[in-house]
Amino acid sequence: MSDAATGTTAPAPAPSAALLAVPRSGWHVATVASTRRETPNASRIELEVDGWPGNAAGQHLDVRLTAPDGYTATRSYSIASSGAGTRVTIAVDKLPDGEVSPYLVDEVRAGDMLEVHGPLGAFFVWAPDAADAAAAGEARPVQLIAGGSGVVPLYAMAEAHGAAHDLTSFRLLYSVRSPDDVYFADELRRLAEASAALQLDLVYTRRSPAGWPTPPARITREVLEAAVIPAAERPRVFVCGSTGFVERVADWLVELGHDARSIRTERYGGT
Amino acid sequence: MSFITRGFSGCSRERDERLPPGQTLVQDFPVLSAGPTPEVDTAEWEFTIRTESSVHRWNWDEFTSLAIDDVDTDIHCVTHWSKLGTSWRGVSLDTLFEQVETEQEYVMAHSYGGYTTNVPLDELLDGKAWVAFEFDGEPLEPEHGGPARLLVPHLYFWKSAKWVRGLVMMEQDEPGFWEQNGYHLHGDPWTEERYW
Ligand SMILES: Cc1cc2nc3c(=O)[nH]c(=O)nc-3n(C[C@H](O)[C@H](O)[C@H](O)COP(=O)(O)OP(=O)(O)OC[C@H]3O[C@@H](n4cnc5c(N)ncnc54)[C@H](O)[C@@H]3O)c2cc1C
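Chains as they are written, first to last, in the UniProt record's numbering: chain A, 1 to 271; chain E, 1 to 196.
To be clear, the hints were calculated from the coordinates, so they are not data collected in a lab. Take these hints with a grain of salt, some might be off.
Derived CB-CB ranges, DEER-like [to be verified]:
(1) E:P120 to A:T220: 38 to 48 Å
(2) E:D41 to A:D259: 17 to 27 Å
(3) A:A84 to E:R57: 49 to 59 Å
(4) E:R18 to A:T271: 34 to 44 Å
(5) A:T86 to E:S2: 41 to 51 Å
(6) E:D41 to A:P230: 21 to 31 Å
(7) A:G26 to E:L25: 22 to 32 Å
(8) A:Q199 to E:W196: 36 to 46 Å
(9) A:A67 to E:E174: 37 to 47 Å
Over 10 Å on every C-beta distance to chain A, these chain E residues come out as not near it, computed from the model [claimed, not checked]:
(10) E105
(11) L125
(12) D136
Cβ coordinates follow ideal geometry from the N, Cα and C atoms, glycine included.
Chain A on its own, in the form it takes in the complex (with noise of 0.2 Å):
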């Protein structure tokens, strides 16, 4: 065999596009400028962030909490915002017996300020300048999937591809336990609605909506094939959520033919 140890063959997945315009990563203060619930058991939390130099959409950030005892706690956040400037939004998931995420859901409010640090991540990353490849008709579409708080970083995407009107087809599959817990719902719904090149499909794991065609259940391989961009049509996809939710998504993907180096993963943790 003809491996890439001998130098040979086998690609290495191709370096980020996005790699050297990616502004370099280093601590901030971030002073919190908004906070809102953003379903039951999610906030979304504007930032203020002093010297950010701005971050593509998709990247994250680390939130450094200190106690009076001067015991830290650091987590990581993906980013829904992108692009220059200094305001970064975040939205978090309140895990019941969770250290950080229940501070951050509960606790925080405008004027507080936070430790962050990044931009960080380069690779699961989107970036609108591929217009240009699809105005030549040379852009291959994109198929995002996101389980609950996973939309976060998907959300950048499809937001930063509306605002660039950009003609990348995109496709947005979201698993959600219940209408009320969709994140980011009038931004997303606008966003579809303003762009023929964006197709939303929400799928109900707890509780749909009233008229809804199909009964709440887990996504299943076949839901999935039945709503993602064909593998055919070689389809860039990013699959973000739970490390269980990711895990399972991106082993159907790649039984349903979709090449594994095309599909970028983020595991937010848990099971």
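Dock chain E with the ligand against the given chain A, drawing on the hints supplied.
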């Protein structure tokens, strides 16, 4: 520049001095991967070390017939979790390099699935690194890098390349996949070499 965060007290967790700065102790085993988990059949698995002059190869049976070490160690992931006292079994890189002659000082680890990560050779020798195929008494699960992963526990865990298939010696240090995408060239958890 650290300051106290209003209203945050943290769980009153035991401070453990085995925990590097910025790390949280976990009991489960989180997963950091950039894509789908590759399925690698041990019947087709092969491990190679390529130097400036030769290629050394082991298939699964040859590999698992080498001297096997029991390794008890703490592991630290760049995404801020650590596990203490994990137990592994695998082949020491000292054993593998007994048969290898090289003047080159840097290593690129290559994985099934195409991922790469760079490590200086002297950080892999003298009992510092293994190719591990058992975790906690069981064959290593694909999610965690099975059938075999590099185990370099004194560096952040992305350096412990999952699904490892071989090492290529290099004249100079070069960033691998993870390093090109933002992670530190070296990755010492005690000095928080997380990102560049
Ligand atoms: C790159 C990255 C981006 C992330 N982005 C977001 C985001 O945008 N929004 C968001 O809400 N979270 C996000 N997370 C998860 C986040 O970092 C924390 O893990 C989460 O908020 C839990 O922290 P905690 O301190 O409340 O819980 P902890 O005290 O750390 O953990 C409590 C328990 O819950 C388990 N657990 C941890 N994460 C999960 C999970 N996702 N699902 C189920 N169980 C879990 C732990 O293993 C532990 O047993 C992201 C994680 C990563 C790695």
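Could you check the structure against the hints above and give me the numbers of any it violates, in ascending order?
The structure breaks hints 4 and 5; every other hint is satisfied.
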